[in-house]
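**Student:** Let chain A serve as the given structure and place chain B on it in line with the hints.
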Amino acid sequence: MSKHVRTSIRFLLNGAPVELSGFAPDLTLLDWLRLERRLTGSKEGCAEGDCGACTVLVGRLIDGMLGYESVNSCIRLMGSLDGTHVATIEHLDRPDGGLSPVQQAMVDHHGSQCGFCTPGIVASLHGLWLADPEPEMADIERTLQGNLCRCTGYEPIVKAAQAAAMTVPDRENDRLVAAHDEIVRQLRQFADDTRVEISHPRGMTYVPADADDLARLYADHPTGTIVAGSTDVGLWVTKQMRDIAPVIHIGGLEGLQMIEVSDDAVTLGAGVSYSAARSSMTAAFPQMAALWDRIGGEQVRNMGTVGGNIANGSPIGDTPPPLIALGASVTLRQGDTRRVVALEDFYITYGKQDRQPGEFVESVTIPKPAEDAFFAVYKISKRRDEDISALCGAFHVTLDAAGAVETARIAFGGMAGTPKRASRTEAALVGQPWSWSCIQAARAALAEDYQPLTDWRASAEYRMIAAQNLLIRFFLETSGAPAQLVRNPEMMEA
Amino acid sequence: MDAKTPILQPDAAIRGGAHEARRHDSAHKHVRGDAPYIDDMIEPAGTLHGWLGLSAHAHAKIVSMDLDAVRAAPGVRLVLTGEDVPGVNDISPTGRHDEPVLATGEALYHGQPLFAVIGETREAARRAAQLAKISYEVLPHVSDVVAAMEAGYPMVTEPLTLRRGDAAAGLAKAQHRLKGEMRVGGQDHFYLESHIAMAIPGEDDEVTVWSSTQHPSEVQHMVSHALGVASNAVTVNVRRMGGGFGGKETQGNQFAAIAAIAAKKLNRAVKIRPDRDDDMIITGKRHDFHIAYDVGYDDDGRIHAVDATFAARCGFSSDLSGPVTDRALFHADNCYFYEDVRLVSKPMMTNTVSNTAFRGFGGPQGVVGAERIIEEIAYKLGRDPLEIRKANFYAGPGRDVTPYHQRVEDNIIARVVEDLEASSDYQVRREEILEFNEMSPVIRRGISLTPVKFGISFTATWYNQAGALVHVYQDGSIHLNHGGTEMGQGLNTKVAQVLAAEFQVDFDSIRITATTTGKVPNTSATAASSGTDLNAMAAADAARQIKERLVAFAAEQYRVSPDAVRFEANHVHIGDLSLPFAGFIKQAYMGRVQLSAAGFYKTPKIHWDRASGTGRPFYYYAYGAAVSEVSVDTLTGEYQVDRVDVLHDVGRSLNPAIDIGQVEGAFVQGMGWLTTEELWWDDKGRLRTHAPSTYKIPLASDRPRIFNVKLADWAENREPTIRRSKAVGEPPFMLPISVLEAISMAVASIDDYRQCPRLDAPATPERVLMAVERLKDSAGAA
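Quick mapping for you: the protein sequence lines, in order, are chains A and B.
The opening position of the first sequence corresponds to residue 1 in UniProt numbering, with each subsequent residue numbered one higher.
The opening position of the second sequence corresponds to residue 1 in UniProt numbering, with each subsequent residue numbered one higher.
Keep in mind the hints are simulated off the structure, nothing from the lab.
These numbers come from a predicted model, not from an experiment.
Where hints are given, some of them may not hold.
[What the hints assert, rightly or not] Covered stretches of chain A (in silico footprint by chain B; criterion: 3 or more residues with CB under 8 angstroms from a CB of chain B, positions within the stretch not fixed):
#: 1; region: 111-124
#: 2; region: 253-267
#: 3; region: 360-371
#: 4; region: 393-402
#: 5; region: 450-464
Where a beta carbon is used, it is the ideal one built from N, C-alpha and C, also for glycine.
Only chain A is shown next, with the shape it has when bound in the complex (with noise of 0.2 angstroms):
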């Protein structure tokens, strides 16, 4: 048992301690920001983590040092924040009162019109000036990624953002490095490792002290809701007004945050974000490294979590095709219990996983793929950045000596009720020359794996020959023929 229990949750607001107890389970950040504080720069325009101008950013302690993330407030709960720094765009400007660099970079450049996104893009942008004093041209995308503008087109704010970076020799001056180590202090001061339980009328909060104490925390309320990133749960609170307490928060918990690279595998803790886990998969799976800067946008892989991913049990999450095709599993944990389950296999049916009451995923490990396999991942999607899959493809297929298929693993999300495996077409393959007409053969076999649906984001009908189109794209670049667009293509030589 954790010795203490907290009955409120504590962090900074831009310069001062907050404590906060009694709050609802569902509250927002950006509700809290706005009704509660009346801090009205960060804007709601879409109240489900979408269109970023809502953005601050909340600073952690990671491993003792302080990070700043940009985050949507508008789906971020409360619960979330305790032990961090939230930094909202009234705190991003000079101690002067003058403004930062950035915010005078989209001045200077015409880089707002009607200004209702621009608070949120300034926040989002000071994070990459905070993270990064050269950026990419692909940063700066990327970290814009989250942040919808209406007016101008972004050529200016992308200008702005280069003229920022300039500024880096001024950077002692800016409010959150100035502050660092009096933040870092508090931040450590807080961290007490005690539970937080906050209740009110429309139920509880918890905080756990640890990973343990989740166990328990949740074998005790097998009803209640694991929120790491919220970057779902989110919008069934503002969307649908959902009951979702109690509420159980893991974000925060350290012993969920493990990231182990072996030689063969690579094991994340449920409470890992994208962003955390990017350099690590990225180095381990070069081939994932296009599909990981286009789940959701900057803001939701800074608080989406794999774990999460998997756990919601989408047919259309982006990282389940691949790992399924890297043949990953899980760990489930329950009390103190724990078992290990193929991905594959933990995918039951539409909305159904096998995940027992009380038992919740604990990590993921990703075996890494042999050196000469074949393996690559493509999401398609009506937007490039920040859409959810129409459909999400991933291929695995290791060659005999011979040049024929000896194994291959191929998965698919937006075809069916889960992200599911091609059988059909796998064994279409496996035997087979690797060549034209095994791939050939292989697309007639995949019509008979899948039955997709028609809905908003795709028809049936485009999903199909676009799977089958994949197979070719997947064999064309195994015989080094590049065949698909590229935006940057000078970060890819880099």
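**Tutor:** Same frame as chain A, now just chain B:
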């Protein structure tokens, strides 16, 4: 240079005068988050909040509405239905009485507001609204424009026919003839700030409404209409909108009317802000069109006859669909002379939200039809579409009359295109692309140059008027108010620059103030790109009136000729004497000079007879052209825009920075319309793309990788507009038709450019791939 010729360069003597590339007046506030929008304003004590209850069906008889549980829910103060509207339950902007504040008896689209809940908090109202028990008798519905025509649905307003010559005879005698169809999707405005209204009750029957609206006067009229009070009881204010794009021309009426009714009933301030989903479901969008064309042309690609029908999905009511579909016809010629022509509009009723104004106002749909015709001819003749364009440009006498019988007197399109073709290296790049495509099995590229000619003026001629109110205070500071509204387009900045130039004072001595019906009455919508043309003229008129009084005062006081009084560099020069502006103003006040004036302007020369389809609806035209280059993945239909070059005509720019911002922004917005922005209704008539998770507007990473935007610095308006500038809001929206056609060219390469791919819009990756598949099939068959 004669005295009437406008200045070429910004005034060096003052800061922030006309023609200076000055920042937006609120930019420094935008970046700090302290430019207040209506939801940021400090609420009066006791402010209540509204939420709307919506129809669950696309077309249904409302059998009963049991709202008891809603009324009994915690925090609920009032529930309103259409029966509770004290005045007239109608907000039809054209007086057709076809758009209720809250529907009664019958729901005509899925999401139509049926009742409003007013609660202590927005959340309380929202939760309560879910408790309504409404029983419906579901009726057959039609969502699609073609289905509406097939089902014999009515039109929401009178159609228009434009004709010149004899289209049937022209078609019959033409060397070649082709027929085709095109579908063009609609578009959600996706202003980042959703609709919002806050009504504050006043004494007697008065009410003040803060509304995110492009048309405060109309909101005033609608609120007074719904309340059953005179217009003078209603004051409507707006300082700024978080984007409008036409979506706030009429669509704010409903929220304002409901907030005002509730505020008067409860004697409390009432705010209504729909969330993004409800905003997208409840408010109208760009009209989707079905275009059918029949064209006669010759071996040289010259068009002789056009007979085309433009049918639009208008939704359940007329709203602005009449003028929108009219404008589609006005632009169905784009830059091209049609010898014999008949153009017909069909504003079809559908069981969908009532479509409305959106940047271009039907014009883009007309232009896209014209450009499809060019494309068809080019592929039929095996020629570069640019050659066909040039062969059909409006030209001198005999080839300068539009289908609505207005002469094109200010035509500069040939020069714009010639300059752009050279500066963008179009010909060389096109050759390179043709070579590339021969060698590249999967990735294909395309390039296209498309022109734009866009008519400027409201076609509702009486709308072309504007007022301004200018005060000069005793300390020389200036208060500027005008009838236009600021939605990000920089209108206030431009008008203040003009005023600074008129008085020859620094921009910073001018205070920009919220638009209000109480200061400038009877205003027109800030729409049709006309904001600066109209309001800056009105402000300049006000300045001239004050200056005339000041000159007369100075001449009398200092015994000089009026000619000897000049305003220059923050000073007033009177003979040899030079006084600081502020000091002189103090003297004028002491001399009892009236330092305030109401300015007025009405656009000259224009007239329009809709019955005969003839007149001069447009004061002038704005021109531009763009070259777009794209790459297309023929396995998936994915594409990217590699390079765009734009040359655009804004006359003599009042503010090149703001104008370039308008061109770039319009381009990317128009590109979204033609590529990734897809409105998708399901078979129950429900819009399923009603939030950014499902409705995809362009991102920074969608903008052209290379984006060269230039203003035609040699251009000036032939007409004496404000400092010879031209309107800029809408015309560049049509430039990205070049993106659509470049994608089309890449697709056409599949069949060796032998057929027009007939790529409909939006050209989503799916539509592109399906076009590729079509062409592969016919290439295989050939």
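**Student:** Evaluate each hint against the coordinates.
**Tutor:** Checked hints:
| no. | hint | in the structure |
| --- | --- | --- |
| 1 | 111-124 | holds (count 10) |
| 2 | 253-267 | violated (count 0) |
| 3 | 360-371 | violated (count 0) |
| 4 | 393-402 | violated (count 0) |
| 5 | 450-464 | holds (count 7) |
When the structure is compared with the earlier hints, violations turn up for hints 2, 3, 4 and for no others.
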